[in-house]
Amino acid sequence: MLDISVSKEKKLVRQVPGNIASDMDGEKIILSIENGKYYNLGDVGGEIWDRIADPISIEILITNLMEEFNVQRDVCEADVHNFLEHLIEEGLIKVE
Amino acid sequence: MDRETYLFKAFGFIIRSDYYFQELGYLINRDNQFPEDINIRIEDLSTVWNEEGEVGKFKVKKNHTLFQVKDTAVFCVKDGNTILVCPFNGTEEDKIKLYILGTCMGILLIQREILPLHGSAISIEGKVYALVGDSGAGKSTLASEFMKRGYKLLTDDIIPVLISNKGESIVVPSYPQQKLWIESLHQFGMDSSQYRPLFDRETKFAVPLKDQFFNKPLPLAGVFELVKTEQSEVELNQITKLNKLQTLFTHTYRNQIISGSDKLEWHFKITTKIANDIFLYQLRRPEFRFSAAELADLIITQIKEEDLLHA
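Quick mapping for you: the protein sequence lines, in order, are chains A and B.
Just so we're aligned, residue 145 is where the first sequence starts under my numbering, counting upward by one.
Just so we're aligned, residue 11 is where the second sequence starts under my numbering, counting upward by one.
Bear in mind the hints are in silico, worked out from the structure with no lab data behind them.
The reader is advised that the hints may include incorrect statements.
Short derived list, chain A residues pointing at chain B, Cβ under 7 Å [claimed, not checked]:
(1) V160
(2) I164
(3) L175
(4) I177
(5) F213
Computed from a prediction, not measured in an experiment: that's the story for all the values here.
Quick reminder that beta carbons are idealized off the backbone N, C-alpha and C, glycines included.
Throw the hints in and build the complete structure from the sequences for me.
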């Protein structure tokens with residue numbers, strides 16, 4: 145497993161180019177051109193997806209989401225890391 | 011060189027063709043100057059085939075797909091408006107025509123960004139319901155059951171779906187013909203000697219439609235995916251979320267050319283749009299029992315429920 149929590153403030157996350165997004169039943173749906181698979185990111189996932197179109201530090205991403213959704217840091221960090229790790233496994237994003 | 015051509019209307023297009031199709035609505039005689047949307051021409055494709063062709067494969071480029079049907083012909087579909095046919099000597103013309111109205115039209119529709127679903131489409135109370143499924147799933151047979159009950163058919167093999175200016179999913183009628191297996195003809199009390207077999211496939215017959223054909227576009231309201239099972243009972247289950255997209259992809263006619271034609275993004279966008287607007291169900295039918303009447307009852311009941319939900 146990729147440990148993206150280590151010195152996370154230095155790491156930048158971004159979408160891998162070439163995936164296409166659309167909305168279905170109010171949720172963000174992604175098609176990976178690479179593997180032809182469909183992904184449902186849900187509504188909050190879609191919100192995160194839009195925010196990582198350009199490289200952004202994970203620290204800033206988490207801070208922004210905490211403000212927007214009014215959640216505590218530990219909850220937000222856990223959820224975001226979990227979500228990003230799934231996206232990394234599927235090759236939809238890059239952390240560098 | 012001038013040769014005789016014919017004008018037809020099918021799939022919502024005016025088609026000028028070197029072949030005569032008795033299954034299509036013959037439009038006007040060739041002297042009339044009518045701007046055609048699609049051209050079907052017999053042409054020598056040996057050079058392009060020798061350069062690019064590969065037996066058993068679709069050679070797909072953007073707006074250009076080349077393929078060969080063994081012992082039949084080389085076909086080239088291009089620019090969303092042209093089907094070129096290079097027949098082999100002694101090929102049955104009926105077989106060539108089957109591929110023109112089938113595979114070639116499917117590819118052409120994708121090039122024009124009209125979604126070709128594989129199945130039959132029936133009109134119920136002013137809306138279209140698509141019956142999709144793999145070959146032999148029972149689409150045409152179920153469509154016949156609906157026609158027996160007085161409902162009309164818009165198409166029986168390729169269902170062209172487009173998004174109107176108003177953002178509605180619309181089904182365009184293809185042409186007035188059904189293809190039925192001999193077993194289905196017998197079940198419906200039809201005499202196979204009255205119908206033309208589809209070329210040498212003597213067990214499947216071309217059945218022309220007259221009053222049972224609906225010839226105007228209508229909005230798409232639902233998709234029913236037919237699946238054969240070994241169970242003895244029929245079963246209806248709603249298809250939800252991502253499975254909706256997967257189902258629409260699986261039953262897109264000739265979906266293997268989408269990627270090479272640079273149409274993945276279009277296909278994704280149009281199927282999510284359609285999935286937003288309509289309901290989808292999977293209909294499981296027993297493999298070894300004739301269940302068309304039961305299936306039609308189930309569908310009608312479900313449509314009524316959906317109408318109540320969204321009224």
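Structure versus earlier hints - violations, ascending order: 1, 5
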